[in-house]
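J.: So the chains spell out like this:
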Amino acid sequence: MIVVMVAAVAVLYGTGAYLLLQRNLSRIVIGLGLLAHGANLLLLLAGGRAGDAPLVGGDGGPYADPLPQALALTAIVITFGVSAYLLALAYRSWSLTRSDEVEDDVEDRRIAAMIEARATVEEREQDHDGEVAE
Amino acid sequence: MNPNLVLPLILPLGAAALSIGLGRWPLTRRWLVTLTLAGTIVSSVFLLIEVADGSVLVGHVGGVDYPIGITLVVDTFSAILLTISTIMLFAVFIFAAGSPKTDETRAFFHPVYLILAAGVSAAFLTGDLFNLFVAFEVTLTASYVLITFGGSRLQIRHGMTYVVISLLASTLFITGVGLVYAATGTVNMADLATKLPEIDPGLRSALGVMFLVVFGIKAAIFPLFFWLPDSYPVATSPVTAIFAGLLTKVGVYAIIRSHTLLFGESGPSTLLLAVAGLTMVTGVLGAITQNDVKRILSFHIVSQIGYMIFGLGLYSLAGLAATVFYIVHHIIVKTTLFLVGGLIEERTGTASLRHLGGLLHSSPLLAVLFLLPALSLAGIPPLSGFVAKLALIEAGFAIGSYLTVSVAIAVSALTLFSMTKIWSGVFWGKADEPSPNVADLEGKWPAFPRMMTGPTALLVALGIAFVVAAAPLYELGEIAAGGLIDPSTYISAVRAP
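So the protein lines, in turn, are chains A and B.
For any residue, its number in this note's numbering is found by taking its place in the first sequence, counting from 1, and adding 886.
For any residue, its number in this note's numbering is found by taking its place in the second sequence, counting from 1, and adding 1.
Since the hints were made in silico from the structure, they are not lab data.
Accuracy of the hints is not assured; some may be wrong.
Pulled a few chain B residues facing chain A out of the computed Cβ check, cut under 8 Å [unchecked claim]: (1) V165; (2) A183; (3) T421.
Computed beta-carbon distance windows for the label pairs [claimed, not checked]: (4) Q908/A <-> P4/B: 30 to 38 Å; (5) A894/A <-> A462/B: 38 to 46 Å; (6) W32/B <-> D990/A: 41 to 49 Å.
For every residue, glycine included, the Cβ atom is placed at its ideal position computed from N, Cα and C.
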């Protein structure tokens, strides 16, 4: 059982990280959701082996560690709230730009333009040098 | 339990709930927020007085005992940071209330701002790793709303970067908490301090690096700082000011706390010293290439974080005392500079150096308000930045880390260079490409609202008072550093029944 859970955690982290690297906002949102699920499962796993009774109403025998469950519950609530906000943000972005993709950074564009301009200048200079040599 | 221990947390949270109910009375809400923030200042000053001798106050919330329940701990270090951050929250709120462009009475500014205050207080007060995560989340969720407060296209684009990178850090954080719990069976920091040295050293340093990455993203250290200069400048001015002053410093606090209490080896840490040097250099080089007041200042946050990590990396009493001193100096000066940037933007509608010029004649007051903290940031004697940097550099020489010390000195010269760049771009000469509001730049300006200049002038004065009282404050920093280097008082105070 533990092996299955560990594999599930690994798959959730892997797919989450992959989706996070995409340029579509909806995929990023889903990716973050998957990562959070992976983290919650990991918290449960941190509590030890599965199969023991819950804390409440036990007959004094071995019981499952309740603390990771409490931690996971808190984390789920936080993820829920933040995901709702993220979705609202993605929707706002879509209604402003009519596109689901993350826009290029203005600064990046500026630098890219600078590099391009410099490249053309250098090309020209090279051409010029060539003419002189001839 | 000492009531002052919970008040900085409960007051803003309660007032936030109340202010949602007062939705239709914006002025009543404004008074509520002002009084609440003043109340948190009072109770954190009381806390500071109580722990100023190096003692540690502990409270177990809900009567559940150590190590399971929620523990609140205040030592000298956290009390200093709590006090200074509540003062900043208060001053910046007055500024926001006076600024017509911020439009603070609209929508959810009041409750969200209070929740931000509660989150910051919680981060400084908490004594366990999971509640540190919750405090981070509370602070960050409030900051997500504040950074996208205007809802403009630019804010959404850059706010999205901020939200996604913060969420990634939070996921890593909760993963780290899970792994720590799996390894030790506890999340209480004092309990961890005794249990972590017992686990496999390789595992311990892996966990240490993981938490360094998590807190490093929040603190914007090299190479995890890319989101900061991108996202901070798009928010409204008071929001940028409070983020610049407090949020990264919460990350720095977490790095210092986890390094000294949980994962640190005694003695200087080469990793932290290298990170510190690189953070200083990349931050200041980024600042030099920028052409916008807010972006220059944002890159400087990164550069300054390097100095704080430098003191921690030295891991000596003098180094940590200098770091504590530096953090307080930085919070005051950086907030002030962003408020001045806000005043410029309020009047001219831009913060770009190309569109600005000649403000010295339009508003001499603004020039003075900018010049003092700017020189202090660059470390010109006798201002607070000089005292802080001198203390750091002396501590660096004492340990013999000459490379990082020389980097720190070179970076402060470059800081002075970029401050003069703002000075000559904004206050001297003429604008290269006048902004549409160019008419406003000619001749004398009408006075700013008092509620905007008041808090800015107050913070400038606080920065100067900080130098005047530097000796006793440095001693306080030494007491705080003593508590960090030797956490036995902290641990035994939390463990005591």
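J.: Each hint should be assessed against the structure and marked as holding or not.
T.: For each hint, the structure was consulted:
Proximity of V165/B to chain A holds as hinted, the smallest CB-CB distance being about 6 Å (cut-off 8 Å). The beta carbon of A183/B comes within 4 Å of a beta carbon in chain A, closer than 8 Å, and the hint placing it at the interface holds. The restraint placing T421/B at the interface with chain A is violated, with a minimum CB-CB distance near 23 Å, outside the 8 Å limit. Checked against the given bound of 30 to 38 Å, the beta carbons of Q908/A and P4/B, roughly 50 Å apart, lie outside it.
Between A894/A and A462/B, the C-beta spacing of about 58 Å breaks the proposed range 38 to 46 Å. The hint said 41 to 49 Å for the Cβ distance between W32/B and D990/A, and at roughly 45 Å that hint holds.
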